[in-house]
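> First to last, the protein sequences are chains A and B. Residue numbers 1 to 331, in this note's numbering, belong to the letters of the first sequence in order. Residue numbers 1001 to 1331, in this note's numbering, belong to the letters of the second sequence in order.
Bear in mind the hints are in silico, worked out from the structure with no lab data behind them. Among the clues, some could well be false.
[Stated by the list, open to error] Derived contacts from chain A toward chain B, CB cut-off under 7 Å, selection only:
#1 Ala22
#2 Glu58
#3 Leu229
#4 Gly275
#5 Ala278
[Said to hold, decoys possible] Each computed DSSO-like pair below joins lysine-lysine, with the alpha-carbon atoms no more than 27 Å apart:
#6 Lys1200/B with Lys1002/B
#7 Lys290/A with Lys247/A
#8 Lys200/A with Lys1002/B
#9 Lys169/A with Lys290/A
#10 Lys2/A with Lys290/A
#11 Lys2/A with Lys1200/B
#12 Lys1169/B with Lys1290/B
#13 Lys200/A with Lys9/A
#14 Lys1002/B with Lys2/A
Remember, predicted model here, so these are calculated numbers, not experimental data. Where a beta carbon is used, it is the ideal one built from N, C-alpha and C, also for glycine.
Protein chains: 2
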Amino acid sequence: MKRFMNDPKNFVTEVLAGVAAANPNTLRHVPEYNLIVRADAPVSGKVAIIQGSGSGHEPAHVMNVGRGMLDVACPGDVFAAPPLDYVSEAIRRVATDRGVLLLVNNYTGDRMVFEMAQEVAEADGITAELLFIDDDVAVENSTFTIGRRGVAGNFFVIKAVGAAAESGKELAEVKAIGERVNANVRSLGVALTACTPPAKGAPLFELGAGEIEFGVGIHGEPGRRREALRPARELIREMVDTIVADKPFERGSRVAVMINGLGATPISELYLLYGHAAECLVEAGITIDKSYVGNYCTALDMAGASVSVLELDDEISALLDAPAVAAVPAV
Amino acid sequence: MKRFMNDPKNFVTEVLAGVAAANPNTLRHVPEYNLIVRADAPVSGKVAIIQGSGSGHEPAHVMNVGRGMLDVACPGDVFAAPPLDYVSEAIRRVATDRGVLLLVNNYTGDRMVFEMAQEVAEADGITAELLFIDDDVAVENSTFTIGRRGVAGNFFVIKAVGAAAESGKELAEVKAIGERVNANVRSLGVALTACTPPAKGAPLFELGAGEIEFGVGIHGEPGRRREALRPARELIREMVDTIVADKPFERGSRVAVMINGLGATPISELYLLYGHAAECLVEAGITIDKSYVGNYCTALDMAGASVSVLELDDEISALLDAPAVAAVPAV
Chain A
1 MKRFMNDPKN FVTEVLAGVA AANPNTLRHV PEYNLIVRAD APVSGKVAII QGSGSGHEPA
61 HVMNVGRGML DVACPGDVFA APPLDYVSEA IRRVATDRGV LLLVNNYTGD RMVFEMAQEV
121 AEADGITAEL LFIDDDVAVE NSTFTIGRRG VAGNFFVIKA VGAAAESGKE LAEVKAIGER
181 VNANVRSLGV ALTACTPPAK GAPLFELGAG EIEFGVGIHG EPGRRREALR PARELIREMV
241 DTIVADKPFE RGSRVAVMIN GLGATPISEL YLLYGHAAEC LVEAGITIDK SYVGNYCTAL
301 DMAGASVSVL ELDDEISALL DAPAVAAVPA V
Chain B
1001 MKRFMNDPKN FVTEVLAGVA AANPNTLRHV PEYNLIVRAD APVSGKVAII QGSGSGHEPA
1061 HVMNVGRGML DVACPGDVFA APPLDYVSEA IRRVATDRGV LLLVNNYTGD RMVFEMAQEV
1121 AEADGITAEL LFIDDDVAVE NSTFTIGRRG VAGNFFVIKA VGAAAESGKE LAEVKAIGER
1181 VNANVRSLGV ALTACTPPAK GAPLFELGAG EIEFGVGIHG EPGRRREALR PARELIREMV
1241 DTIVADKPFE RGSRVAVMIN GLGATPISEL YLLYGHAAEC LVEAGITIDK SYVGNYCTAL
1301 DMAGASVSVL ELDDEISALL DAPAVAAVPA V
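When you get a sec, could you build the whole thing from the sequences and use the hints?
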């Protein structure tokens, strides 16, 4: 394992310090609790949006903090849920009298911590709602999950509820929007290589020279099957077809499409996949209104990609278009 | 080699098709000449900005096309200069009576083609100026270069001349701004792994299990030395010190800093590097006004990163802040 790091046990803290240093006007790092917080939090008159998860999925979620996005991200160590007291501190730092919405990808460890954190918050007099994200169609139950896993579709939930909160909507409305986005999005990922947690120093699983994991999870969880790498056009067709059949997405529907890199995939390949995915959707009579290509929810240094398709309506579409500020921009 | 692709000989064309498909309102793909063109080009009353280079450096340069950036990108095959007739066609498609500025990273093959293309343009009655970018401090001459190589500092030149052209400045002024940005920027890269061109199918060079290439080029060219991987904090200190001493950047200067991923490096590690780079610059009495962290100029699937530091003045700073549209945004 060759990585840009120092002592692996300081990896997450040093990454967060860098995120805050690169965004001095908009973000703050709270090293005692591993938090990245909006510099202007708590934002009065606004529902606060909080996401916690294991680290290793960057830019999710520490680089999704900012106006129109999250108020705070509360990462745990690599691929580990954050401790309860860290989550409770995150909530206290951003809570307003409009309440807080806790976004949780559907992993058993994360659910457990956030359900307890909700109780602590309520005991503190803070109104807190939970929203679970489970967009991965690959498998029903998984290594760390009962039900479906939450993966890159998470980004759309953050963007929509972040914009809704910014516009002054009530907690119940914001949560309902998030639930609708989650219900409308489906994702599926493929790994070309395993990933290596810094503290472990060895790959989480083994893939042969020509093998891929179809339906991989963002912690390296097994997918539907291990198989030989195929041409990108064939691979993406099965991914899109699986997603379309699962929801199902009907002819005439309008969607947002995301090709998400899993950490070590060149952006050129992501765009190549995008082109093929778009062809498949157009053939299925589905209209692409919005496109996202890049790294949104990664698995450390895994080479691989996922496809997400989100059914749009006018409200969700407007929320995705709303201005937002996250970590340093591309241009 | 496991990659998301089909026949390697179609790789570049299929990537470009994906770029255009993901940006239907702003970009056009011209497959006969491998071009990505602004949908509204030629933009009358504006100096046109053109960049050509080998492919494999994405987002440079095909994802840097748009308002306030490039009018057209003319990529060659992977790590190969574009053919002359492709460059000439690119120029014809975007040229206006305000003239065109040709941005060329300093590699012998690219220089040769663009110098010929300038002559062809002038014969066509188009006023064309050349601007060579050579920000890499690692080595003086290199495998494909006489003088210094052009690497990620290229982004700052594109952004500044793109904004200057958009604001209506004359060709001579736009070129002078680009030359000042190039003179003000220094970069240095490190490879943790080699990269594998799709058509070759094998790594361009070999690095041992614990080895890095200090000063690597974006085509895998050798740097200053091969050595053992060190903790990130030590490594980045030498990179920043080398850059600061080269220009030199003086105490009290204001800079933009970029940590650029070379293709397969997780963004978490780039932010970790950013944090350390910022510490070193602050210690040197240098003020960081702007921060860029992400993939700006890559080397296919190389794991590695480069640091760029750009001295700012009020004009360059305003040009970097000017609105711009490139390929699909992160939020």
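> Look at each hint and say if it fits the structure.
Hints versus structure:
1. Ala22: holds, 4 Å
2. Glu58: holds, 4 Å
3. Leu229: holds, 5 Å
4. Gly275: holds, 3 Å
5. Ala278: Result: holds, 5 Å to nearest chain B Cβ.
6. Lys1200/B with Lys1002/B: holds, 12 Å
7. Lys290/A with Lys247/A: Roughly 19 Å between the alpha carbons, so the hint for Lys290/A and Lys247/A holds.
8. Lys200/A with Lys1002/B: holds, 24 Å
9. Lys169/A with Lys290/A: holds, 24 Å
10. Lys2/A with Lys290/A: Not OK: Lys2/A and Lys290/A at ~36 Å, beyond 27 Å, violated.
11. Lys2/A with Lys1200/B: Judged against 27 Å, a Cα distance of about 24 Å means the pair holds.
12. Lys1169/B with Lys1290/B: holds, 24 Å
13. Lys200/A with Lys9/A: Distance of about 10 Å is within 27 Å: holds.
14. Lys1002/B with Lys2/A: With Cα atoms ~19 Å apart, Lys1002/B and Lys2/A stay inside 27 Å; holds.
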